[in-house]
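Working from the sequences, and respecting the hints, build out all of it.
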Amino acid sequence: MKKASLVMGILAIFGMLFGFIPCLGAFNWINIPFAMIGLVISIVAYVQEDNLPKGNATAGIIMCSAAAIFGFLRLIVGGGIV
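Everything in the sequence shown is counted per our numbering, starting at 1 for the first residue and increasing by one.
Think of the hints as simulated: they come from the structure by calculation, not from any bench.
For every residue, glycine included, the Cβ atom is placed at its ideal position computed from N, Cα and C.
Treat the hints with care, since some could be wrong.
Said to hold, decoys possible - Ranges between beta-carbon positions, derived for each pair:
hint : residue 1 : residue 2 : range
1    : Ile62     : Trp29     : 15 to 25 Å
2    : Gly80     : Pro53     : 18 to 28 Å
3    : Ala26     : Gln48     : 32 to 42 Å
4    : Leu73     : Ile37     : 15 to 25 Å
5    : Cys23     : Leu52     : 35 to 45 Å
6    : Phe18     : Ile62     : 14 to 24 Å
7    : Val7      : Ile69     : 11 to 21 Å
Listed below in structure tokens is the structure:
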């Protein structure tokens, strides 16, 4: 589950960067819910396993939350949220 959270975080970051391309900002309407699902999976993976290293889950939490926040800010600046 930790690997899945890391992969979702990486995909969310790439989706956010894709949404920063001019005229493609509406892609963030798809990417933000994807990043939120990845954030939930990352938090579950972080809390679920006690003894194992939690680096992948932590990276997933950071990347998914950054993708959601910056994607949301991109929508605000681009006029996608009125």
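Here is how each hint holds up against the structure:
Look at isoleucine 62 against tryptophan 29: about 22 Å separates their beta carbons, and that is inside 15 to 25 Å. Here the CB-CB span from glycine 80 to proline 53 is close to 38 Å, at odds with the stated 18 to 28 Å. The hinted window of 32 to 42 Å between alanine 26 and glutamine 48 holds, with their beta carbons roughly 35 Å apart. Taking the beta carbon of each, leucine 73 and isoleucine 37 are about 20 Å apart, inside 15 to 25 Å as hinted.
Taken as a hint, the range 35 to 45 Å holds for the pair cysteine 23 and leucine 52, whose Cβ atoms sit roughly 43 Å apart. Between phenylalanine 18 and isoleucine 62 the Cβ separation comes to about 19 Å, which falls inside the hinted range of 14 to 24 Å. Range check, valine 7 to isoleucine 69: about 20 Å between beta-carbon atoms, so the 11 to 21 Å window is met.
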